[in-house]
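Using the hints, position chain B against chain A.
Residue-level listing of the chains:
Protein chains: 2
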Amino acid sequence: MSISLHNVKRKLIGEPFPNHLEIHERLDKMRALAVFASDPISSNAYATEAIMSVLLLIGAGALRFTLPLALAVAGLVLLVIFSYIQTILHYPDGGGAYTVTKDNLGETPSLFAGAALLTDYILTVSVSVAAGIRAITSAQPALRPYAIPLALLAILILTWINLRGVRESGTIFAIPTYLFVVGVLLTVFIGLIRITGFFGASHPVPITPEEIASNGQTITTFLFIWLLLRAFAAGTTALTGIEAISNGVQAFKPPEAKNAAKTMVIMGVIAMSLFIGITFVVSQLHLIPNESESILSQMTRTVTNGLPGGIVLYYWVQIFTMLILILAANTGYQDFPRLSSFLAKDGYLPRWMQNRGDRLVYNGGIVTLAIIASLVIIVFRADEIAMLPLYALGVMLSFSLSQFGMFKLMGRIAHLKPGETLKTHVTTIHYEKGTRWKRALNGVGSAVTFVVLLILIATKFVEGAWIIILAVPLLVFAFRTIKHHYNHVAKDLSMQNFDPSQLRDIANIAIVPISDIHRGTSRALRYACRLSDHVEAVYISTSEESKKRIQEKWAKYPELTQGVHLHIIDYEYRDILTPLEAYIAYIAEEVYPGSLITVVIPEFVPERFSARFLHNQTATLLRLRLKSHDNVVIIDVPYLIREA
Amino acid sequence: MSISLHNVKRKLIGEPFPNHLEIHERLDKMRALAVFASDPISSNAYATEAIMSVLLLIGAGALRFTLPLALAVAGLVLLVIFSYIQTILHYPDGGGAYTVTKDNLGETPSLFAGAALLTDYILTVSVSVAAGIRAITSAQPALRPYAIPLALLAILILTWINLRGVRESGTIFAIPTYLFVVGVLLTVFIGLIRITGFFGASHPVPITPEEIASNGQTITTFLFIWLLLRAFAAGTTALTGIEAISNGVQAFKPPEAKNAAKTMVIMGVIAMSLFIGITFVVSQLHLIPNESESILSQMTRTVTNGLPGGIVLYYWVQIFTMLILILAANTGYQDFPRLSSFLAKDGYLPRWMQNRGDRLVYNGGIVTLAIIASLVIIVFRADEIAMLPLYALGVMLSFSLSQFGMFKLMGRIAHLKPGETLKTHVTTIHYEKGTRWKRALNGVGSAVTFVVLLILIATKFVEGAWIIILAVPLLVFAFRTIKHHYNHVAKDLSMQNFDPSQLRDIANIAIVPISDIHRGTSRALRYACRLSDHVEAVYISTSEESKKRIQEKWAKYPELTQGVHLHIIDYEYRDILTPLEAYIAYIAEEVYPGSLITVVIPEFVPERFSARFLHNQTATLLRLRLKSHDNVVIIDVPYLIREA
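These protein sequence lines are chains A and B, in that order.
First residue of the first sequence: 1, per the numbering used here; consecutive thereafter.
First residue of the second sequence: 1001, per the numbering used here; consecutive thereafter.
So here's chain A without its partners, still in its complex pose:
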């Protein structure tokens, strides 16, 4: 019964929220930071190591470049954050890269930005969950064969929490995020104090490319620069997720834009403190990446070594690193449903993706994300190393497009005089100062992220980046096809030039397909007689006995069958729907062309939902087939079987 299904849903998801509670479900800055920043903050678990791994290809000596490169990445992060704060303030209704691009660069670039971000949000979920599960199976190797089911279970849990509502998931996710930040900051702080003694020892020495190759062989200047660029590109993994807040402005308590901008600044400060702090301490401790232990773990171990209670801090950081890696997936759960609702509102995705569910979250998007991310997990067998080459491309493309959009917008604002306003397609812009340097920063940001995108494509193409390069245009094509369909439907349904005489006539006939004469069919026959004085009962006979049986029964109940014509069709196959559909189509198209004809289907429905699969689904299948006939009205006359 649907009522009991409802109860199950309520138990799982919680009581529905009325619309007016929407404002109550909004996030304060504390929760918003946890919800949106778990991805960028979690990248500190591996961003430094990503740079160092590439530098090691040059030689151990090249590790001296880690800190300068990290500073360059941090500079880029600041640029991007600056650009997104501008976006938030100028587009307070949210939408981030998609909206900015749509408003300033046009439809096609905006669809590319949208498609790129959607693919990346899916990967955020798959990669984070797989990485988290790997952390667990590393600790408990007995669980390794169950990596895929465990990852799917993690996705199920994340989906469930997110379906329960934004504020509730914010509360759940806040604790591990903050405990991770506190643990790492404490480690970095202790590290800085302990290092102080080492400071005097390090004397910068000028380095030439030739000296750096630790294996004795010289490398060309070109290769050296190329590897530095790759190390830089690897470090930009720290950028993923920093755009999340720009999509979710409307999830903040009012004043939305201001709170979102402030949260973005706090996020930038925290994430960059961690990143530079970790990189600095790691450089000073001369740690070298190795396969068996992560750099973060090495650093924490070295710093807490011999410290009273140090072991507690060590495990603290380890445990919350693992947790925040899984929780980073939650950023995908925030972003994907919001962005897809923006695209759905504009008609580029199925309309049901724009609706909020009982708990005021975008159910359609959440479930779609969960399904696709699960498929990615299965296809890649929960191996996040294999997924990584696909990751970050989409983010970089959207950064570049979005900042180029802001670059153009700033150009238009520069022409405004004080007091003037500019109405774009989606927002209203007022005069402001400093557009020239804002414009320059956005232009530089766009160019740098574009170069990073090209480096990412060049270095990871064969390992999987090609999938994204293929998928994004295909998605854009799908968006356009969907939009085209909706436009067409709207035109077709429009009441413009509506003329009541165009409405089809209703033919005086009712066809009742029957398989027997029982209380269910007798009710349908009776309803049909009420509708029309020309009722035809149609029976498909596959054997002589069945034909005789129905004729005898027909004669036995004259009070039911009087005035009704019994039409028996002999048929030699077992698929009785085909002759039924053919006969109905014949009546509709040959006998009453241009009119609506009526088919009355007797349907008996067991009271218990679980019993429904015990009955021939002939009625359901017939309805499905007749649906493609424009001029057939279908009437279901139910007969409920009550349980004894």
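Certain hints may be false.
[Claimed, not checked] Residues of chain A clear of chain B, computed beta-carbon distances all greater than 10 Å:
#: 1; residue: 46
#: 2; residue: 60
#: 3; residue: 74
#: 4; residue: 143
#: 5; residue: 256
#: 6; residue: 290
#: 7; residue: 291
#: 8; residue: 386
#: 9; residue: 437
#: 10; residue: 465
#: 11; residue: 477
#: 12; residue: 482
#: 13; residue: 495
#: 14; residue: 572
[Unchecked claim] Derived lysine-lysine pairs resembling DSS-like cross-links, with alpha carbons at most 27 Å apart:
#: 15; chain 1: B; residue 1: 1262; chain 2: B; residue 2: 1438
#: 16; chain 1: A; residue 1: 483; chain 2: B; residue 2: 1553
#: 17; chain 1: A; residue 1: 11; chain 2: B; residue 2: 1491
#: 18; chain 1: B; residue 1: 1548; chain 2: A; residue 2: 491
#: 19; chain 1: A; residue 1: 547; chain 2: B; residue 2: 1417
#: 20; chain 1: A; residue 1: 553; chain 2: B; residue 2: 1483
#: 21; chain 1: A; residue 1: 553; chain 2: B; residue 2: 1345
#: 22; chain 1: B; residue 1: 1345; chain 2: B; residue 2: 1483
#: 23; chain 1: A; residue 1: 345; chain 2: B; residue 2: 1483
#: 24; chain 1: B; residue 1: 1345; chain 2: A; residue 2: 547
#: 25; chain 1: B; residue 1: 1423; chain 2: B; residue 2: 1258
#: 26; chain 1: B; residue 1: 1491; chain 2: B; residue 2: 1627
#: 27; chain 1: A; residue 1: 491; chain 2: B; residue 2: 1553
#: 28; chain 1: B; residue 1: 1548; chain 2: A; residue 2: 548
#: 29; chain 1: A; residue 1: 423; chain 2: A; residue 2: 258
#: 30; chain 1: B; residue 1: 1258; chain 2: B; residue 2: 1408
#: 31; chain 1: B; residue 1: 1253; chain 2: B; residue 2: 1029
#: 32; chain 1: B; residue 1: 1438; chain 2: B; residue 2: 1029
#: 33; chain 1: B; residue 1: 1345; chain 2: A; residue 2: 548
#: 34; chain 1: B; residue 1: 1548; chain 2: A; residue 2: 345
#: 35; chain 1: A; residue 1: 627; chain 2: B; residue 2: 1627
#: 36; chain 1: B; residue 1: 1417; chain 2: B; residue 2: 1433
#: 37; chain 1: A; residue 1: 345; chain 2: B; residue 2: 1547
#: 38; chain 1: A; residue 1: 627; chain 2: B; residue 2: 1011
#: 39; chain 1: B; residue 1: 1417; chain 2: B; residue 2: 1345
#: 40; chain 1: B; residue 1: 1253; chain 2: A; residue 2: 553
Hint data in this document are derived by calculation from the structure and do not stem from the laboratory.
Quick reminder that beta carbons are idealized off the backbone N, C-alpha and C, glycines included.
What follows is chain B alone, placed relative to chain A:
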């Protein structure tokens, strides 16, 4: 479009066969042997080894018991085959253990026999496919991580072939079955010739249990006997599948029963020649089972060693062993759908399982089997070693029950005088001679198979047999529940004591839920006005703007809305189906209790099937919810969106 879906189905499954072609689709003895005997013949790939592996627990010396035990198993096989030939001749409509048990022992034992066999047929498919895939991944270890997907693919292919029809699958499966038989018989024959020289060397020596334990420690007589029994039970794996023909008598060309009985004899001769031949040659060659090479492979290698062209024969046997192991699964595809159609005809399984599909095979059963066998593959991670303890239990239970049934039947026949006949529930029995010894053989067979069942349970309980011991009674319970439901439905629908005045009145009201006013809803409104002069359009408003908009549109088209009452319901949640259902339920139960009310649903249907997911499925969901209301007639008024 349903039409193009149809074309796809025709391409995959083939053109439908008319009913009269059923006789043409029947199997000749040659094909029947391949279809039904691939399981018992394929057991020769491992049955000898199964006995030897248990004997090795006693010691290498105990391998001398292999041949005597194999002869005992062969004796049991002959007993069972004899019993089933009696079954076929007395129950020419087929049905095997289920029918015999139902007719002679009553409902409950027959349901146990049916449930036991169904579980075993599922395992036949899962175990055979998993074993075949293991053979492939042993040869190509790179494929091992893909064992599960490969196994699922094999099931998909088997399903596809079986959906195309019995005769076609018979043709496909005949070739590898016969080539396997020819290869192994040739090997055994060459082996016998080569062994002749060894014959003089073997002198039987009396053996005591104490001498046999090769590791020096003595074992008790009790343990010795217990291990011999276990070895015997392990050898009974050769019995699985020999009952297949008894279920499928109606798949044979007429005279059905005679042809089936003859095929059964041929099958017994072939299977036992192989079994005794392999066991004899293996014993004479003093081969010992080891993990890295199967006994069959060892035998073939030894026999063909140094023979001109011997390598060809060796690979011949290896390749067709692998193929027949996978094809053994096909016996499950023959048996499961047939047996489930018998159960469905008696009302113990959903009725759609009794119907034949377009190609005259039991589609419902084939697809159900494929789904359950796939789930077993996934749960057991395609590891047939883990599944084996569950296997053969069901077969043994059904053997024991079926032979006990024949034992009782023979007792009744013994009382007949020449010329007399006996009508049981399902068949007619004539006087015959020799009932006394036939009865004795059936009794012995029933007792021996029951003992084997107990041994199997005792030795494999912890490793997985408990799953079957749990599943079979649960299945019996499900059969009974389904039967109870169908009985109840038949009673509820029955026309007995039918009185036309009991039919419900049809209330003069038509409710039309609308979301907008467009060409789709206007058609529905028009149809409703034709039905009744009391039409209510119901609109769920979630905001003031939407309310205003619908009121304005309503006023704009008086030619449509005149005489129709617009009822607007304000609602604060997004789930608009709840207030709609509540309102309709209110009208049905409070305003017109006891009468049928009518709901007209405007439904717009995109012409292209793929576009349907782009539309809010509100109409479909509303119909689903209203289905549980006995007194609501639902009318779908379609509006087809044509593609541009």
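Original post:
Are there hints from earlier that the structure breaks, and if so, what are their numbers?
Top reply: 12, 13, 14, 17, 19, 23, 28, 39 and 40
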